[in-house]
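2 protein chains.
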Amino acid sequence: MSNVPENAPEHCPGTQSDDAGKASACAGCPNQNICASGEASGPDPAIELIKNRLSNVRHKILVLSGKGGVGKSTVTSLLAHGLAARNPDSNVGILDADICGPSQPRVQGVRGEQVHYSGSGWSPVYVKDNLSLMSIGFLLGSPDDAVIWRGPKKNGMIKQFLSEVEWGDLDYLLIDTPPGTSDEHLSAAQYLAGAGLTGAVLVSTPQEVALLDVRKELDFCHKLGIRVLGVVENMSLFVCPNCKGRSEIFPATTGGVAQMCSELGAAPLGALPLDPLLARCCDAGRDYLAEMPLSPAVGALHSIIDKLVEACQS
Amino acid sequence: MSNVPENAPEHCPGTQSDDAGKASACAGCPNQNICASGEASGPDPAIELIKNRLSNVRHKILVLSGKGGVGKSTVTSLLAHGLAARNPDSNVGILDADICGPSQPRVQGVRGEQVHYSGSGWSPVYVKDNLSLMSIGFLLGSPDDAVIWRGPKKNGMIKQFLSEVEWGDLDYLLIDTPPGTSDEHLSAAQYLAGAGLTGAVLVSTPQEVALLDVRKELDFCHKLGIRVLGVVENMSLFVCPNCKGRSEIFPATTGGVAQMCSELGAAPLGALPLDPLLARCCDAGRDYLAEMPLSPAVGALHSIIDKLVEACQS
Chain H
1 MSNVPENAPE HCPGTQSDDA GKASACAGCP NQNICASGEA SGPDPAIELI KNRLSNVRHK
61 ILVLSGKGGV GKSTVTSLLA HGLAARNPDS NVGILDADIC GPSQPRVQGV RGEQVHYSGS
121 GWSPVYVKDN LSLMSIGFLL GSPDDAVIWR GPKKNGMIKQ FLSEVEWGDL DYLLIDTPPG
181 TSDEHLSAAQ YLAGAGLTGA VLVSTPQEVA LLDVRKELDF CHKLGIRVLG VVENMSLFVC
241 PNCKGRSEIF PATTGGVAQM CSELGAAPLG ALPLDPLLAR CCDAGRDYLA EMPLSPAVGA
301 LHSIIDKLVE ACQS
Chain U
1 MSNVPENAPE HCPGTQSDDA GKASACAGCP NQNICASGEA SGPDPAIELI KNRLSNVRHK
61 ILVLSGKGGV GKSTVTSLLA HGLAARNPDS NVGILDADIC GPSQPRVQGV RGEQVHYSGS
121 GWSPVYVKDN LSLMSIGFLL GSPDDAVIWR GPKKNGMIKQ FLSEVEWGDL DYLLIDTPPG
181 TSDEHLSAAQ YLAGAGLTGA VLVSTPQEVA LLDVRKELDF CHKLGIRVLG VVENMSLFVC
241 PNCKGRSEIF PATTGGVAQM CSELGAAPLG ALPLDPLLAR CCDAGRDYLA EMPLSPAVGA
301 LHSIIDKLVE ACQS
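Line order of the protein sequences matches chains H and U.
Using the UniProt record's numbering, you'd call the opening residue of the first sequence number 1 and step up by one each time.
Using the UniProt record's numbering, you'd call the opening residue of the second sequence number 1 and step up by one each time.
Excised from the complex, chain H in its bound form (with noise of 0.2 Å):
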């Protein structure tokens, strides 16, 4: 059945019609463009394929930040390399959702890797045995280029990467976002929704600025819907390596995530301090967690880590 809206004209051939937004009578209809452009005819075919192509993906979590640099792709990084090696029978997938820049590739040291594609969709690459990583840095003709695209290109490849990336049985997939709350995030959470969002877990350094923009994340995550399963605060302290005193990078005026969190009802995950060795591992794509067992860093993150396990399976 076709349907039409309150605010429709004359003669409105309905929002499911193939005239829709096409016909005379849609000229000067405020909703003319987006009944042309098709995104009104009911609910994208691909919702329901993406909930078949994720059905064997146990947890989907969406990494989210507000502001850019605070870490995110590290953390995510960092998550997925700890959820792998806390079970190796488990499966841990990365889905690099920056479009315009995509850092994963970088981080686990995978770089310059082709991705196949075949009969049943993209083959992710594989970082270890059991974590493997799709971004659309691997589709680039140089890591150097620009992904100009506007908002309905970035939509599009989400849904590819949603619906076309062939993971296996995963445990946990992770989806790295860009900063903000627009299309990227907007996509994701659309298109997801069949399959089943497990929820988000949102990244902010200490600081009132960065923690000002997390507000906003988890009012959007209010707004659609999406369980926060936590916050980490992350560069909360800088350990000076030769006098070992510690500073406050970004200090927490405003009482940092813990104070947000208690305000907002929020679960606060843990705070990673700041080491210039894990943006070292991150340049150079080396396992950080590996490499320096018994870093502070890596003691926070494994109590980190048993929070969201226990957060995904409550």
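The hints are simulated quantities; they were obtained by calculation from the structure and are not laboratory data.
The beta-carbon is built from N, C-alpha and C at its ideal position, and this holds for glycine as well.
One should not assume that every hint holds.
[To be verified] Where chain U lies over chain H, by a calculated footprint (3+ residues, C-beta under 8 Å):
hint : region
1    : 132-145
2    : 170-184
3    : 194-203
4    : 218-225
5    : 245-251
6    : 271-285
[As the list claims (entries may be wrong)] BS3-like, lysine-lysine: derived pairs with alpha carbons at most 30 Å apart:
hint : chain 1 : residue 1 : chain 2 : residue 2
7    : H       : K223      : H       : K159
8    : U       : K51       : U       : K128
9    : U       : K159      : H       : K153
10   : H       : K159      : H       : K51
11   : U       : K223      : H       : K153
12   : H       : K223      : U       : K159
13   : H       : K159      : U       : K223
Could you slot chain U onto chain H? The hints should help.
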């Protein structure tokens, strides 16, 4: 005159026609959506409007970053304060084009201010006598509200900001953009095409994961014909407040901004050290330049501004 693209179907009404995207011949044409949306029908009249509106703005500068969280908003603020302080007779404006995460109202200490709309347009908020700011942050009901907008709506907001803010006479308008190379950047560049964009300042931290995205941003500028005025390296060193030892928080494993600039033929403008007091000032909306005139970061900033002014005038 109607124009007909090369890949058009038979009986294409032409992209400038009123029937573009709506005629029966358009069914199945790959350009149908773009034609129906009106995007193909000649130059946007807003470009002319923006040209007139900004005719009293001498230098229009985009501040771009590629990766988020490298301190783009902080650097924008420092540059604006520095330019305004350098010559008290000059006028500087900041347009905060980060729709999903506007941080300028807090950084400038004018959160909660009201903007007024009159017959001549929006009046910006004055941070100092010769420094004004416009941000979507002023238009939100609560600072925690998420702006969950897809591309087209963000583009509309940027168009409005460029065409409807009554800046008065300005020597410099700094446009603080969100991370990435997508809607906001394309729109700002395209709408400013008529008005004349002086160029872009790029901001990066020294580690390779950030430079990766700056290379993309340079490619973006190159593809859109935007002149690169120079690159600022932010958070390049941390001086321990305890032992004065210098640490590379984000190690320049691949040579940092200087090396990247020499490879890609861009001009390095200088490096700003990491100072937790600066993060504190940003959180509290205080003017770091006025409060810490003798800090190494302020010294570095003045030299960066000298180079920027020179680049603008050449």
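How the hints compare with the structure:
Using a Cβ-Cβ cut-off of 8 Å, 3 residues of the region 132-145 of chain H lie near chain U, which meets the minimum of three, so the contact claim holds. Under the rule that three or more residues need a Cβ within less than 8 Å of chain U, the assignment of the region 170-184 of chain H holds, with 6 such residues. With 0 residues carrying a beta carbon less than 8 Å from a beta carbon of chain U, the region 194-203 of chain H misses the three-residue requirement, and the given coverage is violated. For the region 218-225 of chain H, the proposed coverage by chain U is satisfied: 5 residues have a C-beta within less than 8 Å of a C-beta in that chain, meeting the threshold of three.
Under the rule that three or more residues need a Cβ within less than 8 Å of chain U, the assignment of the region 245-251 of chain H holds, with 6 such residues. With 7 residues carrying a beta carbon less than 8 Å from a beta carbon of chain U, the region 271-285 of chain H meets the three-residue requirement, and the given coverage holds. Between K223 of chain H and K159 of chain H the alpha-carbon distance is near 21 Å, which keeps this suggested pair within the 30 Å criterion. Among the hinted pairs, K51 of chain U with K128 of chain U is consistent with the structure: their alpha-carbon atoms are about 26 Å apart, no more than 30 Å.
As the CA atoms of K159 of chain U and K153 of chain H are separated by approximately 21 Å, the hinted pair is consistent with the 30 Å bound. Between the alpha carbons of K159 of chain H and K51 of chain H the distance comes to roughly 12 Å, so the proposed pair stays at or under 30 Å and holds. A threshold of 30 Å between alpha carbons decides the hint, and for K223 of chain U with K153 of chain H the separation of about 18 Å falls inside it, so the pair holds. Using a Cα cut-off of 30 Å, the hinted pair K223 of chain H and K159 of chain U holds, with the two alpha carbons roughly 27 Å apart.
Only pairs whose Cα atoms come within 30 Å are accepted, and K159 of chain H paired with K223 of chain U is accepted, the gap being roughly 27 Å.
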